[in-house]
Amino acid sequence: MSFNIIMFYLFSAIILVFSLLTITSRRILRAAVYLLFVLIATAGLYFLLEYQFMAAVQLTLYAGGIVVLIIFSILLTHHISHRFKHPDLTKMIMGIAVAVVGSALTIYTILTYPFPQTITVTELPATMENIGMQLLGVEKNGYVLPFELISILLLAAMVAAIIVAKKGNDKNAEI
Amino acid sequence: MYNYTILIPLIPLVIFLVTGLLGMKWKPIISGLLGTTGLGISWVLSVMTAITYFFGSHHEGAFETIIPFEKLWLTFSETLQIKMGVLLDPISVMMLVVVTTISFMVHIYSLGYMHGEKGFQRFYAFLSLFTFSMLGLVIATNIFQMYIFWELVGVSSFLLIGFYYQKPSAVAASKKAFIVTRFADFGFLIGILILSFITKTFDFAKLTNPDGAVFANAAGMSFMGISVMTWAMVLVFMGGAGKSAMFPLHIWLPDAMEGPTPVSALIHAATMVVAGVYLVARLFVVYHFQAPDALEIIAYVGGFTSLFAAVIAITQHDIKRVLAFSTLSQLGYMMLSLGVSGYGGEEGLGYMASMFHLFTHAMFKALLFLAAGSIIHAVHSNYMYEMGGLRKYLPITHITFLIACLTIAGVPPLSGFFSKDEILVAAFNHNKILFGVEFLVAGLTAFYMFRLYFNIFWGKDRHYHHTPHESPLTMTIPLMFLAFASIFSGFLPFHSMVTSDKMHFDTHLHLAVAVPSVLIGLIGIAFAWLLYKKESKVPEKLAKQFGILYTATYNKFYIDEIYLFVTKKIIFNYISRPVAWFDRHIVDAFMVGIGTVTEKISYRIKGMQSGQLQHYAFMFVAGVLILALVLVYYI
Amino acid sequence: MIEGIPIQHFLIVSTIMFFIGIAGFIMRRNLITILMAIELILNSVNINFVIFNRYLYPDQLQGHFFAIFVVGIAAAEASVAIALIINIYRKLKNIDVENVNELRY
Chain A
1 MSFNIIMFYL
11 FSAIILVFSL
21 LTITSRRILR
31 AAVYLLFVLI
41 ATAGLYFLLE
51 YQFMAAVQLT
61 LYAGGIVVLI
71 IFSILLTHHI
81 SHRFKHPDLT
91 KMIMGIAVAV
101 VGSALTIYTI
111 LTYPFPQTIT
121 VTELPATMEN
131 IGMQLLGVEK
141 NGYVLPFELI
151 SILLLAAMVA
161 AIIVAKKGND
171 KNAEI
Chain B
176 MYNYTILIPL
186 IPLVIFLVTG
196 LLGMKWKPII
206 SGLLGTTGLG
216 ISWVLSVMTA
226 ITYFFGSHHE
236 GAFETIIPFE
246 KLWLTFSETL
256 QIKMGVLLDP
266 ISVMMLVVVT
276 TISFMVHIYS
286 LGYMHGEKGF
296 QRFYAFLSLF
306 TFSMLGLVIA
316 TNIFQMYIFW
326 ELVGVSSFLL
336 IGFYYQKPSA
346 VAASKKAFIV
356 TRFADFGFLI
366 GILILSFITK
376 TFDFAKLTNP
386 DGAVFANAAG
396 MSFMGISVMT
406 WAMVLVFMGG
416 AGKSAMFPLH
426 IWLPDAMEGP
436 TPVSALIHAA
446 TMVVAGVYLV
456 ARLFVVYHFQ
466 APDALEIIAY
476 VGGFTSLFAA
486 VIAITQHDIK
496 RVLAFSTLSQ
506 LGYMMLSLGV
516 SGYGGEEGLG
526 YMASMFHLFT
536 HAMFKALLFL
546 AAGSIIHAVH
556 SNYMYEMGGL
566 RKYLPITHIT
576 FLIACLTIAG
586 VPPLSGFFSK
596 DEILVAAFNH
606 NKILFGVEFL
616 VAGLTAFYMF
626 RLYFNIFWGK
636 DRHYHHTPHE
646 SPLTMTIPLM
656 FLAFASIFSG
666 FLPFHSMVTS
676 DKMHFDTHLH
686 LAVAVPSVLI
696 GLIGIAFAWL
706 LYKKESKVPE
716 KLAKQFGILY
726 TATYNKFYID
736 EIYLFVTKKI
746 IFNYISRPVA
756 WFDRHIVDAF
766 MVGIGTVTEK
776 ISYRIKGMQS
786 GQLQHYAFMF
796 VAGVLILALV
806 LVYYI
Chain C
811 MIEGIPIQHF
821 LIVSTIMFFI
831 GIAGFIMRRN
841 LITILMAIEL
851 ILNSVNINFV
861 IFNRYLYPDQ
871 LQGHFFAIFV
881 VGIAAAEASV
891 AIALIINIYR
901 KLKNIDVENV
911 NELRY
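Chains as they are written, first to last, in this note's numbering: chain A, 1 to 175; chain B, 176 to 810; chain C, 811 to 915.
Hint data in this document are derived by calculation from the structure and do not stem from the laboratory. For each residue, glycine too, the CB sits at the ideal point set by N, CA and C. Errors might be hidden in some of the hints.
[Unchecked claim] For each label pair, taking beta carbons as the anchor points, the in silico distance ranges come out as: (1) VAL17/A to GLY782/B: 36 to 42 Å; (2) VAL762/B to LYS167/A: 58 to 64 Å; (3) GLY770/B to LEU75/A: 49 to 55 Å.
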């Protein structure tokens, strides 16, 4: 049993356990931290797959950016010590039922589907240089158009977020 | 050469659009002056056309039919096309002159009569619309164009009768006029369809070709034992009878007097109501060669209407109604004259006489109405028992009214004498019974016109609210012009201008007819003089003596009541009500039911839209799972 | 690829993560927790992209790039969502999802 296999199962276990904790924890700040663990473990998976760039993006953007954002908003809207009530029983049943049925169905499909033989390549194309060339390339395998779209989307989202969250003329608004 | 004739109808159309759209922004008088000026130009153009057409070149043969302008408008099939154009032949040129002359006079007259009325601009816009439609009707090159303009004059007549739309009676009258003429036009339309089905054409040029080639298909076709051409032409005449208010479709005309008096003069005396006569004259060749039975019917309908209306006119008190019934009676004359006419040369005397009478009648009847308007303007009443001794106050009106009365009574040498005489001769030559009727009607006409005259201008002074005074110049000038026309239009050589085969023929005075007809006219006048010159109890006593007959006549023989009975009691109860019930409880109920069921179901299921995001998410995911299950594993 | 690990194991992990996210989305009433559930869902999808790329078409980079774009979109979505949540908190003084039902029937 190689090191990689052990690491995979370790990361998988971390992902599953902390995902579950994220949605079940009754303290929201803890939930955010559990989410951080999930995201970092996912980055670990990417490292295992030898997609270092992807893993770096995952770490910086997801684990670094989004989780920090979420924690900020938590601090803006909650008291740290706040504990949630237990969720509704009906909602819990609904959620669990959907999750169980859905995952059963999907896993069954995955296990019965005849995946093609995996290909082994000696050299992965996922070098930094390749990624850079393709991300801004216009020829075959070039992704400049979605890249630009995403950049515009991010700009729009930023503007929208500022506009929405900005304190309006609402006299009653606190914070 | 006649290219400019297209302007004659277009000028009023443009004026209608301009005054209709912008009129309210101007001072009222501008609309009036604009309309009058435009109509003046149209009038000049029409008269020019008439002079060049009739007298421009020396005619050796028949007058030719000229189409200076024609445009394709709609295409149904290779042969069946609707065109819009201008057709000039003797009757249309004559009608151009009649329509524009009367319309011009009415425009001038209305400047005074309608002065200060609310809706002055609207009035002038409608007048222009009417003039445009009527001119379009007159110059129609095909029967469908005629039908279109036919409906347009109907609409403008409706609008003008209902001019005082705050008055319930005016609204009722306009509705009545519209519905009755629409009902008649229904027959007209079916007639047109049958006619075009047989002939595959709408063009008058082809239809009225005396060789009748286009009617080859009609041979042997019949329906209920009557030839299909007779059906078609009787149906077409039904339209004409509706517009020209022939019995039994006459009921709308007396009520139409609710409109302003200039409108009555223009539409309900001189122009629109003769559209029916014009239609029959236009299709006269078809009637004569293809459907002589229909022509016979026309003659009898015309004769009966003239007698019927003349009798009613004797008993009416509203001066405009007397004139309305007089119009009916004179229209009956024209129809009868067409009905008894033959084709070509002397035979076609009736045709010529009818057109001649149409012309002269337009002049003197418009004059009568305008003079009546002048009287009403002065006295503020429509009822002759509230008038009397007005000759001192209204000298010009008095003289012109007298001239018109003498004209309609057929006193030589005024124009009415000539035209009426021709009609009587035509009737005399073809049908002695109808001649007898018309002869009697001539006497009745003289009598009721002079009853009117003496009642208004002679007799005792009534107590007026203020001293009646002569109308302004804008109103008296048209009166004088029309009086002039009434006197002298009899000398126009109609027998060489407007004839059935467009050829000249010679007429001469038939003393055997002329002398008695003048005499009976004079007798009528004399009776009226005896009864009404001085106020006396004799008329009342006479009325009492006739008792039930008088009451029946006064109530117009209860024709209106019969119509009302038939429609309200029979059609409404036994046809409309079940149909309405079906519509309301089955058709509507079905539709409403769909709506109600949808609404109920929506109300029931609206709770599903709870606003709870998580319910939606659950539904969404569950739906996706079910779809995945179905799509992946069962297909 | 990782020697000895079949593709199915990766996919099972991502599937379970995905449905945990869904369950969290449906169960929890706090808007921020819901947002975190969404992040879980997106993350699992990302894993799928990368895995398919790595196992089935290792000579290309489509899945890789899509994963990157999804990360970008997730960032945008999170920023707007948090702005909305803050606004809702100002209006309602709490961020329970049951209270955000102004747009029901």
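Evaluation of the provided hints:
At about 39 Å, the beta-carbon gap between VAL17/A and GLY782/B stays in the expected band of 36 to 42 Å. Under the hint 58 to 64 Å, the C-beta atoms of VAL762/B and LYS167/A, about 59 Å apart, fit the expected range. A beta carbon spacing of about 53 Å between GLY770/B and LEU75/A agrees with the range 49 to 55 Å that was offered as a hint.
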